[in-house]
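Next come the chains, spelled out residue by residue.
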Amino acid sequence: MRDLRSLRRLSVGAVGVAAALVIAACGTTSTTAEKEATGAKPASAKYDASNPLNVVVLFQSETPNDGGWNESWERARNKIEEHFGGKVKTSYKVSVPDTEETVNIVDGVVADGADVVIGVSYGQGPPLLKAAKKHPDVYFIQSQWKSPGLANFSGVDVAPEQGYYLAGMAAAAASKGKTIGAVVPFAVPFVLREINGFALGAQSIDPSIKVSGVLTNSWFDPSKDVQAAQAVMSKGANVVARFLDDRAIDTAAQRKGVYWVGTGTDTRKTAPKTFLATPMWNWDGVLTTLIDSILNDQWTSQFLYADMQKDGVTMAWGDAFKEKISAADQQKIADMEKAFKSGEKQVFTGPITDVDGKVAVEDGQSLDLDGLLGMNFVVQGITGVRVKG
Amino acid sequence: MNDGLVVQLLASAVLFGTPLLIAALGELLAERSGILNLGVEGMMLVGAVSGFLVSQRIGGAGWTALLVAVVAAGVVGGGMGLIHAFLTVTLRANQIVSGLALTIFGGAIGLSSYIGDSQHLTGQAARHQFEAINLFGLSDLPILGPVLFHHTLFVYGSWVLVAAVAYYLYRTRAGLHLRAVGEDPAAADAMGISVTGYRYVHTVAGGVFAGVAGAFYTLALSGNWSNGITAGAGWIALAMVVLAFWRPELVVVGAYLFGGIAALGPNLQARNVSLPPELFSALPYLMTIVVLVLVSSAWARGRLNAPAALGTAYMRGE
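Residue numbers (the working numbering), protein chains in the order written: chain A, 1 to 389; chain B, 1001 to 1318.
It is worth saying that the hints were derived from the structure and are not from the lab.
Note that CB positions come from ideal geometry on N, CA and C, so glycine has one too.
Wrong hints could be hidden among the right ones.
To be verified - Taking beta-carbon pairs under 8 Å as the criterion, some of the chain B residues facing chain A (in silico): (1) 1056; (2) 1113; (3) 1233; (4) 1288.
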C-alpha cells in the first residue's frame, strides 16, 4: 500500500511542483498582477438556502474522529452547520497531506464549488498559502498560520497553553510521586506550548515536580504510544498526560490504575475510571466569526487567537478530579481558570527559565502571539523533550 | 528489581513482539507453500476491527465474547487469505500485485476503516479485554516473572503456535509435503500431492494468523479501535519471515528482538537518556536493512532456506 500511495503521490506531487513553478514564475515576472491578486478580497456574493456558502474542511488524519485534534475541528464543523442553518453547507476531506499534493487537492475542491477551504493541520499552512494565491476568489482559513498579506487568507488558533496549565495543576495535585509522565509526538511550537504550559501549571502546585516526557516522533502509532506510556509508568509516574491523539494511552493508564490527561476532545468513555482532565479545543467561535464576516461582506484577512476568554479552550474534568484532589487545590485551579478567563493572567509571563538554565522569558515580560506561534524552548523541569537546534 | 530497565525492556519485547510473531508465523506457512502474501497489514487491520466489533456487540460473559471475537478475527483474516489464494493460485495472478491490493483493500483507507466508521467503533470503550494472567502463580519471580509469566493469553497462545508450526513443518507428513510444494511444485505434483490444495490451505491459514494478530491490538494492547491501529506491523512481520530464514523457531527470536528494540527508545528516554527520537523510530527498520544485507551476501544466500518456488504460480505441464 505504501509503495502504491507514494508512487501516486510522487506523480501527483510532480504535477504540483510543476504547477507551483509556473505560478512562481508568473509571480516574479509580473509584480503588479500579484499585487492585484493579494490586495483585493474575494468578490462579494449573496449566500442563502438556495445558494449556501460551501465550506470544506481538510483533515490530514484518515478519520475526523481521532479522539483529539481533528475531532475538535469536526465538532466545530457540525456546530457551524447547525448555527447557520441552511445558509452554510459544510463537508470534509480526509487523508489530505501537508505536501505539494495538497495544492492539487484544493484545486479539485475549488472546482467542485468550495467557497471556503479550512486547513486543520499546522503542516497544511504552506500548501494552503500557495493555493490561496492561486484561487483569489476563495476564502482560506488555516490553523496557526498568519497571512503574509494575502487578502483571502486568515489564521486561527486556540490557547493550548492555558488548558494544559490547568491540567498540569490537576496532575500535580493528584500525583502521589514527584514524576508526571508525558507522551509527546514532536517538539514543534504548538506541542511545546502545551507541554511547557503543563509543566508550569504542575510546578505552580509543587515546584519540585518533574515532567518526564517520551518523544514518540509520530502523531499516531498505538504500539509506540503504549510503549512510551508504559515506560514512564514503570519509572513511577502515576499521572500520564498525552499530547497526541491516541486513546490507547488512556487504556494503558487505566489498566495500571494511573490517572490520564487527554487532548482536545473529551475521550473519557475510553477509560473512565482514571480519567483526570482534558483541555478542549473549541474552534466554532473563531470559525463562526470568520464565516459571519463572509456572509455580511465584512471579511478582512486577520488572525484570531481564541484563548479561554473567548471560550476557545474549556476544561473537561473527570470524577478523579473531584474525588482525589483536595478542596484547597481545586480552589487554586478554579481561581486560575477565572484569571485566564478574565485575561488578567497569561501562561508565559517571565521569569521563565529553559532546561539549559537560560532565560526564556524575561522577568515581567509576556510572550506575544509571534512568540507563542514560534515557541522553541523547553521549560525547566521537563526531561526527555529537546528542541532541535 | 522487577521495575528495572532490563526487566521492563524484556517484558516489552515479549508483549510487543507477540503480534509480529503470530502474523509472521502465518506468513511463513503461506510462503512455505510458495505463496508470497504482501496483504498481511491489510488482513491484520481487518482482523483488528472485526475482533473489536464482535467483542463489543456480542452478549454473554467476557471470556466467551473474547473467544468468539478472536475466532471472528481469524475467520475474516482467513477469508481475505482465501481471496489472495483464489487470485494467485486459481487465476495465477501476480502475487505481489494481489497482496498489495489486499492491503489497500483492507487497510487504513479501505475496508477496516469503513467498518470502524460505519459501526462507530472509534472512541468506544472496550467492553471486554484480555487481561494479563499470572501463569502458574510465577509472576512475582525475579526477572522471569514479569518477562514471561505475566502476559495475556495471546502471548501464551503464541508460544503454543510456534511449537505447533515447528512440529507440523518438520515432523509431520503434511509438513513435508508443504515444503515440497514450496520447493518444487512440479515434483510434488508428480508425487501426487495437491499443489493447489496445499497452497489454498496455507494461504488461508496465513490469513487466519494475521487476523488473530490484528485482534491482539484491539483486544489486548490498546483496548480500542483506531484507524490504522497496526501502524505497519504487517510489513515488519513480512520482513521477519525473511530474517528468520523461513524457520518458525527463529521467528520467535526476530519478533522479540524487534519488540525489544522498539521498546528501547521510550524506556531510555523515560530514564533521561537524551538521544534523538528519530534514531529509535528508525531502529527497527535499520535493523531490517542490516540483516537483509547480511543475509543477501553470497555466503548467506546458499544457506538461506528460501522456498525455491516462492512467488511463482504453478501450472501443470509447464
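Unmet hints by their number, sorted upward, for this structure: Those not satisfied are hints 1, 4.
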